[in-house]
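Participant: Line by line, the protein sequences give chains A and B. Counted the way our numbering counts, the first sequence spans residues 1 to 685. Counted the way our numbering counts, the second sequence spans residues 1 to 332.
Please note: incorrect hints may appear among the correct ones.
[Unchecked claim] Here are the simulated lysine to any residue pairs, SDA-like style, with alpha carbons at most 25 Å apart:
no.	chain 1	residue 1	chain 2	residue 2
1	A	K369	A	D406
2	B	K159	B	Q125
3	A	K325	B	K253
4	A	K285	B	W25
5	A	K285	B	M65
6	A	K285	A	R249
7	A	K325	B	N66
8	A	K391	A	R363
9	A	K369	A	R405
10	B	K253	B	E278
11	A	K351	A	P233
12	A	K285	A	G264
None of these hints come from the bench; they were simulated from the model.
Chain by chain, the residues:
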Amino acid sequence: MTAKKASLPLIQAQVYWLGALLVSAQWPLWGHILTWNAVAGAALVVARVALPPKWRALTRHRRWLLPLLAIAGALAIRSDLGYFLARDPCVEFLYLLVGIKFIEARDTRDGTLLICLALFLSLTQFFYLQTIASALSMVPVLLALGGTLAALRGAAAAFDWRGQIRATTRLIVQGIPLALLVFVLFPRLAGPLWGTPTEAGGRSGLSDSMRPGSISELSLSDAVAFRVDFNGPPPPPADRYWRGPVLSRFDGAEWRAMYRFVPGKFVPRQPRAIEYTVTLEPHGKNWLFALEYPSALPRSPSNDPLAQAGSDIAYLTYDQQLVAKSPVSQAIRYTQRSSLRDSYPATDEYKREALQLPHNNPRTLAFAKEMREHFDSDRAYVNAVLAWFHKEPFVYTLAPPLLDRDPVDGFLFDTRRGFCEHYAGAFTVLLRAAGIPARVVTGYQGGEMNPDGDYMIVRQSDAHAWTEAMLDGQWQRFDPTAAVAPSRIERGLGAAMSAGEPVPYFARLEMTWIKSLRLQWDAVNYQWQRGVVGFNLERQRDLLRDFGLEDVRPWQMVAAVAGVVFLWGALLLGAARLRRSRVDAEVALWNALCRRLGRAGLTRAPEEGPIAYTRRAGERWPQWSGVLARIGQRYAQLHYGPPDPGREQVLEHMRTDVLALPGPRDLNEGAGPASVAPRQPETVE
Amino acid sequence: MTTLASAGLRTQAKSWKARVRQRVWRLAPGDLERVVLRHSRIYILPTPRGIALIATLVIMLLTAMNYALSLGYALTFLAGGLVAAALLATFRNLAGLAVSPLGAGEAFAGGVLEFTLSLASGARQRIGITVAGRQGLPGSVDLPPGATRPVALSIPAPKRGRLGLGRVSVSSDFPLGIWRAWAYVHFPLTGTVFPAPETGAPPLPPGRHGSFVGRSSRLADTELAGLREYERGDALNRIAWKAVARGAGWYSKQFEGTGGGGTLELHWSEMPAGLDSETRLSRISAWILAAERAARPFSLHIPGTLLPTAQGASHRRAALTALALFPSDSDR
């Protein structure tokens, strides 16, 4: 029965609203997408809003020009990124597409499409960043969303932008309780619905290979790798070795992980057991980090027996690596136990792979063989090599010179300038060349206690590489970097580097007020990461348990949500009814009177007005005729008259009169008004 | 109209099925007095734009689930909260609105018949209330709190006879245009549609006093007899424009035509024999208007009705109504 509403042409005020919505959806993506695309997409939006009407003749060529633009944009994105059917190119294309669609938009139906595209576009920013700032960028999107919808509904609403923002704010605020509730209760998935959302292209972190330069590059980043809450005092700096990928295979230049998924044995829990909870930033790889050496599997931080049973998130390999079952694509939390020590029992099984060595770097091999002959034990040899590193003029630097052929030779005997990966790599080669099984361990070394949050921050600048060697049936940790720059281990990167090195800001030692401010900010961010961004299946379960809702079945959850939604609606509508009830009070009084007189035998005819009805009642019960007439007049005055500033008083008089009437039986038995006349100022005409 | 009214009565007496149907669709004119729109009457569904928006939110939710984007959930749910709050706002915009029937107008067949309803806003402001009949342009009003406004509905009137207003929908998609709330009200309002005046109708038949006098009546017409209140349908050149300009109100000039023009007798049977009854009615309708313009009293003689000689708006209306309600050939 509704006539299909024709799509109306867009007026300029509606175009402004759409432009505001599109820009507020577009700008959070700047910096995450191709620069030319960021400029082009925004320029299209600005052009549509700002250009004078005669330049907007583009809309007339929309048949061919705009599809052409879209195809050209798609091809350009394809050629820049090298692929198209993936998440990032689609974001790029959507970003450009809203601009193209906006340029050609003619009527309100185009406006609807643009609203939907813009809303989805504003979601895509969270692929890249989920900070507090990006959460705040939702505010302009939502305000512009409401404003644009209202503007498209009626052109008149498009002009009063202030009023529209106020109205939208009210609606958003009304919706917040509902949104909050659903946010907390909406079932979270354990894994993705489709595909693997692991295209964390730019995410930094340790990789499964190490070549000269890879860790020093990582060390330039202040980004947080993970944060740790210790269950007790934190370990001393020299014990803060966070074990990551273990690299055993060497091709002469690059170290690689073996990926031999053989389960390992945990080290004994004693001595110096320590328990802590790690909040790991997503890095898109499979490994988890633990202090050397883990003595148990990581588990979800809750003490939930259900979550624990049969649902280990990781396992331990033979070389004491913790490998997660799925790539860490979102921030995860796990509680881990370790035993603080520097060695663990070895077996002979994998000795051979720890001795493998290519034939290049001849000077190094010869040097090792010759030096080994001077010592009668492996341990003496190892200590001698460490002493040699300490004695010789090695320089610990973030910017070592490049070496191409025989890099270990070049580093050990020519340049002698290197970062931890150079020292760990060369040291391991020296051990292997002397027949001692050894391998490179990468991970993080160090960590800074945040004074404001009582937790430890481990940053990418703490990335480190060290060596472990099999001596006397034990895998023993050796850190050649400590031999060269002992302060790196004790006090971090900033202490070990000479002035002028590009040490990242947070790795520097001095505690300026800016640094302390930024640490406080980090504490806020940590809570944000833990509480909001990291709100996943586990945290949801934790929260529900805190409220005593342990084994809630899904249907109970749905029922609870439905109930609360109903309550929410009832509250909002009820608030409106409360406001209205004051206005309609006279109706309630009048209805009460009609009911009472009806029970006494005098029903009001449907068409009978208040004056006529009360007069008729006055004829039947003459002793009440005055009171009844007053009630009728006042009701008519209140209900049909113009708005009256004194209505509260009139209402009060009307109430007194209605209450003064006796019940039906007394009325019919001839009861009269009380002898003392009610206080009635005779103001009623 | 009689059929509609009896349908209404029948519904009241009939089975629960019919009662439910009436409650849902309001097909019978069962609303006898002022109707206050309440939740039992108000329907609400998303508009096409609302459907598009909700579909987008579903896609966003799936994306947030797949990529485990907490802030994606947050954005989706906040926008969803906005949509839900808009639902309530749309409902509240309509709930408590009072609709009363005011009246029905008259029209000639082929024109539009105007019905008037009155909207009372009650305690709250009402924005963008659209009132639509089954045909014709919908009317849209904004009401401040405590206001009462008439809303005119123009319904096309193709045929003479009684024309009921039919079911009226009162709707609104305020504030965001993503939900449309509506309620049906069905008042037993009916208007009369007069037969369309025949175009190119023959001149008025000669009056009682002979055609000669009738011819000179135009001269006699020029003598002003007095003023009477303007009534709809009075000729423009008879309006007392001076009085209008003074702000005294609308009057029509009455001319001394009675003596000059002579009394008319509009006879069904005095028309050519070959004419069908609708043409006869149209011609009489045209003649009545012509007589009114010429300020000549007339009497009406059609089968079943006889109106004695008289003059003036109420007489004219009585005559035209008689024509309008003249049973059509199919009725007999």
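Participant: Would you mind marking each hint as holding or not holding in the structure?
Facilitator: To see whether the hints hold, each was checked on the structure:
1. With a C-alpha separation of about 17 Å, the suggested pair K369 (chain A) and D406 (chain A) falls inside the 25 Å cut-off, and the hint holds.
2. With a C-alpha separation of about 39 Å, the suggested pair K159 (chain B) and Q125 (chain B) falls outside the 25 Å cut-off, and the hint is violated.
3. This hinted pair does not check out: K325 (chain A) and K253 (chain B) have alpha carbons roughly 99 Å apart, beyond 25 Å.
4. About 61 Å separates the Cα atoms of K285 (chain A) and W25 (chain B), which puts this hinted pair outside 25 Å; it is violated.
5. Restraint check: the Cα-Cα separation between K285 (chain A) and M65 (chain B) comes to about 20 Å, which is no more than 25 Å; the hinted pair holds.
6. A C-alpha spacing of about 19 Å is found between K285 (chain A) and R249 (chain A), which places the hinted pair at or below 25 Å, so the restraint holds.
7. Straight-line distance between C-alpha atoms of K325 (chain A) and N66 (chain B) comes to about 18 Å, which keeps the hinted pair within the 25 Å bound.
8. Restraint check: the Cα-Cα separation between K391 (chain A) and R363 (chain A) comes to about 19 Å, which is no more than 25 Å; the hinted pair holds.
9. In summary, the hint linking K369 (chain A) to R405 (chain A) is supported, as the alpha carbons are separated by about 21 Å, within the 25 Å threshold.
10. Between K253 (chain B) and E278 (chain B) the CA atoms are separated by roughly 32 Å; this puts the pair beyond 25 Å, and the hint is violated.
11. Restraint check for K351 (chain A) and P233 (chain A): not satisfied, since their Cα atoms lie roughly 37 Å apart, outside the 25 Å limit.
12. For the hint linking K285 (chain A) to G264 (chain A), the alpha-carbon distance of about 20 Å falls within 25 Å, and the restraint holds.
When held up to the earlier numbered hints, the structure conflicts with 2, 3, 4, 10 and 11 and fits the remainder.
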